[in-house]
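Asker: So the sequences go chain by chain: Z and F.
The first sequence: position 33 = 33 (full-length UniProt numbering), numbered continuously.
The second sequence: position 4 = 4 (full-length UniProt numbering), numbered continuously.
No lab work stands behind these hints: they were computed from the structure.
By construction, the Cβ of each residue, glycine as well, lies at the ideal position given by its N, Cα and C atoms.
Just to be clear, a hint being listed does not mean it is correct.
Listed next, the stretches of chain F that the computed footprint assigns to chain Z, with coverage defined by at least 3 CB atoms under 8 Å from CB atoms of chain Z [claimed, not checked]:
| no. | stretch |
| --- | --- |
| 1 | 3-13 |
| 2 | 71-79 |
| 3 | 92-98 |
| 4 | 127-138 |
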Amino acid sequence: MYVYDQYDQKILDERVAQYRGQTERYLAGDLSEEEFLPLRLQNGLYVQRLAPMLRVAVPYGLMNSTQLRTVARLSRDFDKGYVHISTRQNIQFNWPELAEVPDMLAELAKVQMHAIQTSGNCIRNTTTDQFAGVARDELVDPRPYCEIIRQWSTLHPEFAFLPRKFKIAVCGTEEDRAAVRAHDIGIELVKNAAGEVGYKVLVGGGLGRTPVIGVEICDYLEKQHLLSYLEAILRVYNQHGRRDNKYKARIKILVKAMGIDAFREAVEAEWAHLKDGPTTLTDAEIERASSFFTEPEYAQIDAAAAEAALAEQGASDPIFANWVKRNTVAHRVDGYRIVNISLKATGYAPGDITDQQLELVADLADRFSFGELRSTHQQNLVLADVPMADLYELWQTLQKSGLATANIGYLTDMICCPGGDYCALANAKSIPVAESIQARFDDMDYVYDLGPLELNISGCMNACGHHHIGHIGILGVDKKGEEFYQVCLGGSQSKDASIGKILGPSFKQEDMADVMEKILGTYVDLRTEEENFLDTYRRVGIAPFKEKVYA
Amino acid sequence: MPKLIKNGAIVEDTSPEVLDLEQWLECEERASRAVILEPGEILAPLIDHIDEIPLVMVNFPTFMDGRGFSYARELRDRGYTGEIRAVGHFIRDQLTYLGRCGFDAFQFDDESLLEPSLASLADFSEYYQASANQADPLFRRRA
Ligand code: HEM
Ligand code: SF4
């Protein structure tokens, strides 16, 4: 995992000091509300319905146990003893005091964490596959490239006051687990005919009010040009992105307005001046960034024996066997598995985790997974390197703490934003909808029978819950001061990304579980043996679902 | 005489007459006139005259409009060595960023801000990216 050197630490410490000064000036009345707003946002601090919300950056979702314990302690000392994992893999505190945030940031800085650019009109935290480095289908480990982008984008002087927020995601696998097509810039690591690593670059994706799937701007960019090319794109956007209307200010609107060819031309013209300049990457730097993401000291494990032992444990404890089947994933290294810890137990807000659970997970990371863990954009946690022989003990411990819900990738493993319970921008609550659906679909056999299914819920059109790219999406809408919910079907965040289609008029909160039942019943009636929900939807279209739901 | 921050110190303003971009490009004696840029203007025609410009002012109608940052960056990248001055409604918390983009002078509407703002010039002593005042990004300098 990435470890700061004296430069990184210095930049971070200076940032904390700067922000402390800004907060003091604001509280003393020397900095106006309007002036303080972007400054606090660039430090992850929203002012919310009930209290401020502080979003802490978790680059690539990677954390070590020490960082986790610090987060747990801060949630106790400065908050109400729990935090929220966001769809961008970050950690959110829901109840900090504005005046105490500098102290929290100073504590976080001691363990190399921060809240820089987790919000605001700047380049946000770069995200990637939560299984990076351990995935079986990986072509190239994306993390060194993410780290290179992270450094370049951190406190970038030219791009701190963009027309709008800006998000970059990178993936290096066959399957896309980073939703690169739903980002302002998506980067796919690819190899050319000669086996050299390069990038396919996509631009102009994003969700929110106008959801758009990103389009290709460059099919193969040589690896040394990553930063100068990004700089060219950002400069064109900074110069030409709309600033008159916040809803039309994202790069997706600019790309659409210019057309991808004209946009590409403008980028290339800018790039001609930047290409081969000092920002050109060196092999030494790529190597240095890679050196932080080397393999842990894996044991030599006899895979066949480990599989056999696991099968035996599973045979005597079917509940454990089921958890292994649903919540663990094949590992690149023989004898290991990737373990998902579900934060989607029925009755708890999706993605919430308490201080005690955080500390427990930190202990488990130390015991079973080289002291590291990851957050996922599905709002879960991952222990990436667990020896098969330890799975049983790990599971028993998780079970005692309510962290062994075996639902990863299924209906009840839904993405859900905080909605009206916390968020000042919400049109409707989303957590109670999630809860009503979890409660209705409590028969796990039925849930498994439905197959892999992505249900995403947002409380307003900002789309924090990614509702557009869920197989089923739910959006909170406001009708004359009342909360309603609109359903869309057929979204996908994969390489064949698509935006869901609106089913029809919206529903009341108390009807949502029934509506889901009808939608899923329609699917079950229509599916062929091997089809999952999305396959069936794509084959039959929206009409049969509409008929059933509005009958 | 009005005051401003220039090269890290508070000095008196001794700028020449200021023209807008269109006027400046059409002016016969532009080498003795400053030019002021507004957000949204196209920089390209100015780039052809880089050696003749004594002073470029960049106006910030609001500090949230970051287009002026790119102007400075581009002027410096294309070899402009004269003064680039921020004017208008930028804030002191932006001074390090502005400086790194190539601004070397800052003129606040409210002169009482000059003295306290000097400290903000030193908010950071190290940074990752290449910039106008540090040609190499950190990755080329790391020990
Ligand atoms: C409670 C406080 C929160 C506030 C005030 C908030 C606010 C916003 C706003 C204003 C947008 C703007 C979208 C746009 O116009 O493009 C947005 C987008 C987004 N938020 Fe949140 N959010 C909050 C919590 C969360 C949480 C908890 C998550 C994760 C579960 C999240 C993840 C996202 C994502 C992924 C987007 C991106 C949509 C895109 O790609 O365009 N946010 N949020
Ligand atoms: S989608 Fe809307 S309601 Fe939900 S967290 Fe985002 S801004 Fe708030």
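Asker: Of all the hints given earlier, name the ones this structure violates by number, lowest first.
Answerer: Hint 1 contradicted; others consistent.
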